[in-house]
Amino acid sequence: MGDKADVWQGTLTLMILKTLETLGPLHGYGIARRIEQISGEVLSLNYGTVYPALLKLEQEGSIECAWGVSDNNRKAKYYKLTRAGRKQLGREAREWQQAQAILAKVLSAEPST
Amino acid sequence: MSLLRSMRTGFRRFGAIFYKRQRDAEFAAELKSHLQLHMEDNVRAGMTPEAARREALLKLGGVEQTKENYRDRRGLPVLGDTFSRFAIRSPHAAQITGLHRGHHPGHCARDRSHHRAIHCRPFHTPHTAAV
Numbered sequence: 000m001g002d003k004a005d006v007w008q009g010t011l012t013l014m015i016l017k018t019l020e021t022l023g024p025l026h027g028y029g030i031a032r033r034i035e036q037i038s039g040e041v042l043s044l045n046y047g048t049v050y051p052a053l054l055k056l057e058q059e060g061s062i063e064c065a066w067g068v069s070d071n072n073r074k075a076k077y078y079k080l081t082r083a084g085r086k087q088l089g090r091e092a093r094e095w096q097q098a099q100a101i102l103a104k105v106l107s108a109e110p111s112t
Numbered sequence: 000m001s002l003l004r005s006m007r008t009g010f011r012r013f014g015a016i017f018y019k020r021q022r023d024a025e026f027a028a029e030l031k032s033h034l035q036l037h038m039e040d041n042v043r044a045g046m047t048p049e050a051a052r053r054e055a056l057l058k059l060g061g062v063e064q065t066k067e068n069y070r071d072r073r074g075l076p077v078l079g080d081t082f083s084r085f086a087i088r089s090p091h092a093a094q095i096t097g098l099h100r101g102h103h104p105g106h107c108a109r110d111r112s113h114h115r116a117i118h119c120r121p122f123h124t125p126h127t128a129a130v
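Each protein sequence line maps, in turn, to chains A and B.
Read in numbering that gives the first Met the number 0, the first sequence has 5 at position 6, and its numbers run on one by one without any break.
Read in numbering that gives the first Met the number 0, the second sequence has 14 at position 15, and its numbers run on one by one without any break.
Some hints could be false.
[To be verified] Okay, derived cross-link-like pairs now, DMTMM-like style, lysine to aspartate or glutamate, Cα gap no bigger than 20 Å in a straight line:
(1) Lys74(A) / Glu25(B)
(2) Lys79(A) / Glu20(A)
(3) Lys76(A) / Glu49(B)
(4) Lys58(B) / Asp5(A)
(5) Lys79(A) / Glu91(A)
What the hints contain is simulated information worked out from the structure, not anything from laboratory work.
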């Protein structure tokens, strides 16, 4: 295994939703960069995987998109969170925290003597 | 996933079958913009334009691969392929087309003129007198 960690299955959409909640409307490249930066450059993200994940969220109605202009005056497609997406983020974050707590308990169990 | 969300996703994926070319073009534009933004960042970080482009493409995981993955997610690949195959290969569809050709006056006229052009007109001989 390399120094950088891969994105865990099913967590990319959660990270995208959280990024959009934190930063507001953002283009695909900005979302991918932000996820890498926030992980302290530990996460190895293939930027191409962000787009099918964005499409999935759009199809589910969690985000919506529109063409806009970036800070560098470049045309870019901006994604923003919908109300349904905000609810989904809350629900998935809770589920993830529960799973994490369960796993932590299991892993911290003392070996029987 | 809730039922409503699954239904919405299903409808959107089904709908995407009908605007394939338009959506392909839109995603190509989005990828182009992505690469430009990434290249600009790389150049600002001190890379040469060529190295910036190479790194951006590498990090994306390949343009064609990304497009392929996106297409798979956008529509219903199995259904889309089945529709295309049916339209092209179905013997029933071919039969209908054959019948249509047989009865269409325009096609008959075109077929007749094609026949005349090939079988009834004399060969073009450039120097008839010499022959």
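Now for the hints, and whether the structure bears them out:
1. Between the alpha carbons of Lys74(A) and Glu25(B) the distance comes to roughly 12 Å, so the proposed pair stays at or under 20 Å and holds.
2. The straight-line distance between the Cα atoms of Lys79(A) and Glu20(A) is roughly 8 Å, inside the 20 Å bound, and the hint therefore holds.
3. A hinted pair counts as satisfied when its Cα atoms are at most 20 Å apart, and Lys76(A) with Glu49(B) does not qualify at roughly 25 Å.
4. A distance of roughly 13 Å separates the Cα atoms of Lys58(B) and Asp5(A); the hinted pair therefore holds under the 20 Å criterion.
5. With a C-alpha separation of about 18 Å, the suggested pair Lys79(A) and Glu91(A) falls inside the 20 Å cut-off, and the hint holds.
Of the numbered hints given earlier, the model fails hint 3 alone.
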